[in-house]
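Asks: Next come the chains, spelled out residue by residue.
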Amino acid sequence: MISHIAILMENQPGALSRVVGLFSQRGYNIDSLSVAPTQESTLSRLTMTTSEEPEVISQILRQLFKLIDVVMVQNLTSAESFSIELAIIKLALDTEEVKKIIDGENKISCNIVNEVDGFTMFEVKGESMAIDNFLSSLKDQEFLEVSRSGQLGMTTGMASLRTNDQTKISYD
Amino acid sequence: MTSGGEALIRALADEKIDIMFGYPGGAALHIYDAIYQQDRVQHILVRHEQAAVHAADGYARSSGKPGVALVTSGPGATNAITGIATAYTDSIPMVVISGQVASHLIGTDAFQETDMIGISRPIVKHSFLVQSAEEIPSVVKKAFHIATTGRPGPVVIDVPKDMTDPNHKFEYKYPSSVYLRSYPILGESDANEVKEAVKLLKSAKKPVIYAGGGVIQADASEELIQLSRMVGCPVTNTLMGLGAFPATDDQFIGMLGMHGTYEANMVMSEADLIFNAGARFDDRITNNPKKFGIAAKKIHIDSDPSSIDKIINVDVALQGDAKIVLGQICEEFKNASYDKSNLEPWWKQVKEWRNKHGLNHDMLNLPNQSDIILPQQVIQSLYKTTKGEAFITSDVGQHQMFAAQYYKFDEPRKWINSGGLGTMGFGLPSAMGVKFAFPEETVACVTGEGSIQMCIQELSTCKQYGLPIKIINLNNRALGMVKQWQDMQYSGRYSSILYEDSLPDFVKLAESYGHVGIKVEKFSDLNDAMEECFSLKDKLVFLDVLIDPDEHVYPMLEAGGSMAEMRISKKDRTF
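Taken in sequence, the protein lines are chains A and B.
As numbered in the working numbering, residues 1 to 172 make up the first sequence, in order.
As numbered in the working numbering, residues 1001 to 1575 make up the second sequence, in order.
Quick caveat, the hints were computed from the structure, so don't treat them as lab data.
Quantities reported herein were computed from a predicted structural model and do not represent experimental measurements.
Check each hint, because a few of them may be wrong.
Distance windows between CB atoms, simulated [said to hold, decoys possible]:
hint, chain 1, residue 1, chain 2, residue 2, range
1, B, E1222, A, T167, 33 to 43 Å
2, A, L138, B, S1491, 55 to 65 Å
3, B, Q1038, A, P13, 24 to 34 Å
4, B, Q1038, A, T167, 21 to 31 Å
5, B, K1508, A, T167, 56 to 66 Å
Cross-link-like lysine-lysine pairs, in silico, DSSO-like; alpha carbons within 27 Å at most [said to hold, decoys possible]:
hint, chain 1, residue 1, chain 2, residue 2
6, B, K1065, A, K168
7, B, K1016, A, K168
8, B, K1519, B, K1387
9, B, K1065, A, K66
10, A, K66, B, K1310
11, A, K66, B, K1298
12, A, K168, B, K1169
13, B, K1408, B, K1065
14, A, K168, B, K1173
15, B, K1334, B, K1199
All residues carry an ideal CB built from backbone N, CA and C; glycine is no exception.
Between the sequences and the hints, there should be enough to build the whole structure, so can you do that?
Replies: Structure (structure tokens):
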């Protein structure tokens, strides 16, 4: 089963390597990973998916929280949450041919970006599984380059992964 | 105005650090110059960086204060790694400062450059790469805060050389306190969980208290003893927990686990309640986790939430500081009636086990004594001579297990060994750290001729600083623990464990470093030699004891089995 984990961490050099290192060190797999700073510049938000057993997931969450740079951890899979992924795809087809392929896709939303020298780039947005399925349907295409964002997500309603807490150093 | 180097040392002094262990080198030169120009922090020069970290570790384990080591970049930093991993596995509070090449050279494969933050990452509680000289005081404050609170552990501060430049001066201010939003520290446990734990303790017919190193780290022995008295049940300590509960107490059933006593392992197997205080269900304890304590309810106190339900799922999880949580349980326990005499049938059974295969026999008065010395006799002689009051450090192997089994530790912080990582070479340098923490106390290092050679160069450090440590070398002319496994599992095919013809003359070796060496070959000489060793108060004495090379450590848990599946001797087994 795929679990979706969101992490709020200090935007510090080395913080990401501690999170990624934890997974290799303890033998957990990461399926996808996405990280970027948040609106609060001292914090980064990291979203990852992993296909481990539920009892392993609870150990992963605790181990993540133990990292000094990690402020908060949330299991999005066990909460009411929304998730989405973005992919950019380039095919050796012209725009018209790509339009034929994406026409009728109702589980993902598609948007053509450009066509250069007969290569068409387009973006696809939707649930990760839907993108998986769409990509499988393209496997006979002559040329294929894909860049995926990894699954992003957040909980619905009041529940949130944010903090107003600040690190304080006093000199009195 | 101070430079970064001066600020670093001043911050250590402000953190009430009065001693550090280290070895200089290019990237640390500014720091060493700052050390030279002050007298608040003493620097002890070792002979190898691994020993600096082990010495800081021994200092921390014995005193409860954080240990500090200082090394240079590159090989200095990598030599420190084994020491850091040793401290990490046993949760020892420590700060390791490593020099680093100047910040503009980082990433260029510069001379003596190594990525210390990267290399040490899996074996530190946290690490800092200093980004500006001005942040040095706050980094030091954070480092000690993290190293000493919660589940303690080593913290690395990697300091690029330009951060300690003597020409860059700034105003020094040391923080009075620090709060890290990403680092909550657990204190009390949830009151409902405490109530539930007490309910289980009071209703159990066959309870056992299993206490580990966490009780020692939290200075919670007093609370552990108080609770043990109230419950009246058997108490066992892990290898890391020896001394947390007094070994000569009637309620003590010995160490448990791989080489634990027969009665302790049987008690763990048959108990209906296992109360774990500050231990982590390590694989040397549980043996096969699927066969562990099947009939028992389990309660677990741990300051690290990720230790709970990691190996063994428990019925009551008490997350928090062992001292505070044990105090909470004692308070709650007083609230309702309890009759200790309900445990009489349980104690009857425990005593039967103890009488059957216990380790309480006096090996010094064996009948039909040949003059061959058994390792157990050396430890009993050591115990008798030191009246059980010495600090004992140990290396790793058979001698370590014999020391753990036969030296009865009645107080915490007296038994100093690398329990989790099992680092050979730990014994002598950690004994140096203990001796600096307690100059007036007796410090002995129980070792073997294999382990001692891994940090033998520290005999020179001991000479320089006049450290009268007693080295008790259980010399069986082989890598004994490996030999034991090769005897048991590989039909005695002794692969790469024999080296008798190339061993040094340890007496001459000790003498060449300016110490005293004594060799003992006959049992009839053992007690006198031991007395002589400890009567030479101001001398380091290397007591080289030639022991029976064929002795095995028993009991021994059978791999993959339950805790009741033990080999009791070369011939006897329980399964």
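Asks: Where does the structure disagree with the numbered hints, that is, which hint numbers, in rising order?
Replies: When the structure is compared with the hints, none of them turns out to be violated.
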